[in-house]
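The hints should help you fit chain B onto chain A, whose structure is shown.
2 protein chains.
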Amino acid sequence: MNFTIQNVLIATDDAYTTTDVKVVEGKISAIASNLDVVGTAVNGENKLLLPGFVNAHTHSSEMWQRGIMSVLPLELWLAELYDFAPLDTEKVYLSALGTAVETLLSGGTSVVDHLVLIPGQELETIATAVRAYREIGIRAFIAPLIQDESLTAGIPSGETERNHEPYFRSTADTLAIIEEAVRQFHRPEEGVNILVAPTGIQLCSDALFTGCIELSDRYNLCRHSHLLETKAQEKLAQEKYGCSAVEHLKRLGYLGDRTSLAHCVWLNDIDIEILAATQSTVVHNPLSNLRLGSGIAPILKYRQAGVNVTFGCDGASSNDSQDLLEAIKIGSILHNTTDRDYQHWITPRQSVEMAALGGAKALNMVDKIGSLTVGKQADLVLYDLTSLSLLPRTDPIGLLVLGRPTNAVDSAWVNGKQIVVAGKVNSINVDELRQKLFQRSQWDTQRKSQTVAEIEAHYRTVMGL
Amino acid sequence: MNFTIQNVLIATDDAYTTTDVKVVEGKISAIASNLDVVGTAVNGENKLLLPGFVNAHTHSSEMWQRGIMSVLPLELWLAELYDFAPLDTEKVYLSALGTAVETLLSGGTSVVDHLVLIPGQELETIATAVRAYREIGIRAFIAPLIQDESLTAGIPSGETERNHEPYFRSTADTLAIIEEAVRQFHRPEEGVNILVAPTGIQLCSDALFTGCIELSDRYNLCRHSHLLETKAQEKLAQEKYGCSAVEHLKRLGYLGDRTSLAHCVWLNDIDIEILAATQSTVVHNPLSNLRLGSGIAPILKYRQAGVNVTFGCDGASSNDSQDLLEAIKIGSILHNTTDRDYQHWITPRQSVEMAALGGAKALNMVDKIGSLTVGKQADLVLYDLTSLSLLPRTDPIGLLVLGRPTNAVDSAWVNGKQIVVAGKVNSINVDELRQKLFQRSQWDTQRKSQTVAEIEAHYRTVMGL
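Protein sequence lines, in the order shown, are assigned to chains A and B. In this text, residue positions in the first sequence follow my numbering: the first is 41, and each later residue adds one. In this text, residue positions in the second sequence follow my numbering: the first is 41, and each later residue adds one.
Next comes chain A alone, as it looks inside the complex (with noise of 0.2 Å):
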């Protein structure tokens, strides 16, 4: 498990230099010129190091439904994704392991999976992603998506009288599986982390969100919720709280240094000032809340304001890939467009930095990963310079965030571990995981959302389409 990355290009403060990084039992042990190969001697010539970005928010078996989703916004598409979700946990097995492939050719060593169980099934869900993300190394944070109202609670009634079904199961009985979940799987030291992540203010009553405070507190837990996605949320939270959603959760005591919110379009000025003073990480998805319409998240603002943010890809119905660094790319160029001022915008070391460090933060792990420091854990990657994608040579950070890299990576590493070899994952058999994608799926454009076709009319009265 001891190497030395020789000759490699790492990032000074505003410009690189050429180095030997040398990792000793997982951690970084030390980053200088001409150091003593301890262990493998790995070529680092041409190759650029940098520390394992974090894929802060997705949804792994949404991999199923991607690229055949019908063009709506979340609350349909959330309807249709419910009618034709994966049943059973081989499918969950497999898209794990599939968003993992992806998130680690793509930069990512760390993965938060905000796993949609299958009811009845919930705790052999959990534990078949806890498989897969072994097998495969890379660092996990299962963060298990639980809710306790039903799917129609989530849209604003307007000026309608509604009655939703009850969820089928118990607000209690939900948190009772989810501290069973860390009891059998919560496991830091090795790579396995258990969060408490109720899916958002829409579908979440205040007992589950107390509730899940109370096993975080208590068992030490991150937290991580969606949070304002849509316009619809908005209006929901005006409806449900009579104040917006970010303030409702700082009343609960929700928010915080470990507490990570995915989305965050729809804040205002002083839910920003919150997010600010709690020091909540704010996961920004651009290519979901575009695919979705959800709008585009403030970031320029929240960062201004001092809001630690990083970047998630969402799951694969809603983006419909697990590239991180095209999510990184549109992630920060996409603000351009909301303010003028160019002195604003987001340069790519700091979208790097934003990825790495960001995401460290939004886990609790500053201290651990998310950037190449001595006594760090060794998440790291190593980028091939020579691919055509990242030619010529000019700035390699430039290129790697702003361009379109393929075939980029060619070395990552979790905890110490190597994971890729040569540009291919070699923890796990791809090929045989390719042939089961396909053999488990079949070619469909046909098919239609019950549920859709029920919701629909409501919906558009209620926003005034």
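Simulated from the structure, these hints should not be mistaken for laboratory data.
Chain copies aren't distinguished; within one or between two, either way the pair holds.
Each computed DSS-like pair below joins lysine-lysine, with the alpha-carbon atoms no more than 27 Å apart:
| hint | residue 1 | residue 2 |
| --- | --- | --- |
| 1 | K476 | K464 |
| 2 | K87 | K416 |
| 3 | K87 | K476 |
| 4 | K87 | K488 |
| 5 | K271 | K341 |
| 6 | K464 | K87 |
| 7 | K408 | K464 |
| 8 | K275 | K290 |
| 9 | K87 | K457 |
| 10 | K408 | K87 |
Quick look at chain B alone, frame taken from chain A:
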């Protein structure tokens, strides 16, 4: 040159069918099941066949500065770009090849190269691009970039009195160069076309536009130009003409059904009607518009008004890639944030039509390319649906447009000639190209643009920053 693709998936009106496609003497001669094989048999199993797309706006030599350009808006970015523009034809040759390779491997079979000319070596620059594109075999539309005003004239004056250096070459000399280029290189039947292409109203006199119109009429040439890419250009048009740039171009007679206009970000409703009435084409370059903070072009409005829209990568210094599928994806989903009614959003099948047939229309080639139609030229792309990035199997076109396809192009033909085989461009030596791009460049982060330093203060004042 004759071949028959067997058992390949093609799109029907709203589904897919498996069929054979026969190509004889560069043209599609039959599309039906169980055709007799003529020429080479190509196995189409688990592959999708689409018409080749058009990369309808780029500047190939910008490849030399991709990744390194500062985070700046167009007017300042241009100053930096020209301070470091490559000035030898060998570089022009290599970047034309690089642009073609990336376009081909992302579904494009035609490229519109708004080619930056080396001062004093204008015809040599054009000859070099022609040579590169002939060698690689992509269908080339070379649009030599011309202007007759100097760079500072492209920034609005605002309240200040400003004098600009005269441009180094006369309008007449510029037009003579284009006419000579047409005589030497315009060979549509051989896949090499010359376009008239003043850079735009911001740096061109009426005389230059009028001269281009005359050449276009005399030699049956398509017309190309940038149009209203930035807020500053909208301002400048008012200063220069007292009306919108579109109205001015209409009066000059530049618009029409073989005119394509890159960007079109800052058009008003009357401008849009003019584009529709003149049957002009908008070339949407979403990544460049984001990268330079130019804005979001009102593409859904164009479509509703009946304006033809297609996609371009724009030059690699403002993108910073030539991946056409990326431009198509972002250029499709970006607009979901601009119109709350999802019934107006672009579907993946519409995106494909915009990229293929829309591109053909832009280039007055609608009878010859842009769809799988018997009698049309065989500009075809075959996608490998067993690529991990296109799995699991769902809707192939959805996966292609909304996903992040990597290593997905299996084969490509231009005019019936195969130039991508088993995922590799085989008409040139791509490894040698990589090596030359590597050798002729160096990693760099410290460069500073003198011109930006000179003009930035004025830019900030006049733009109210």
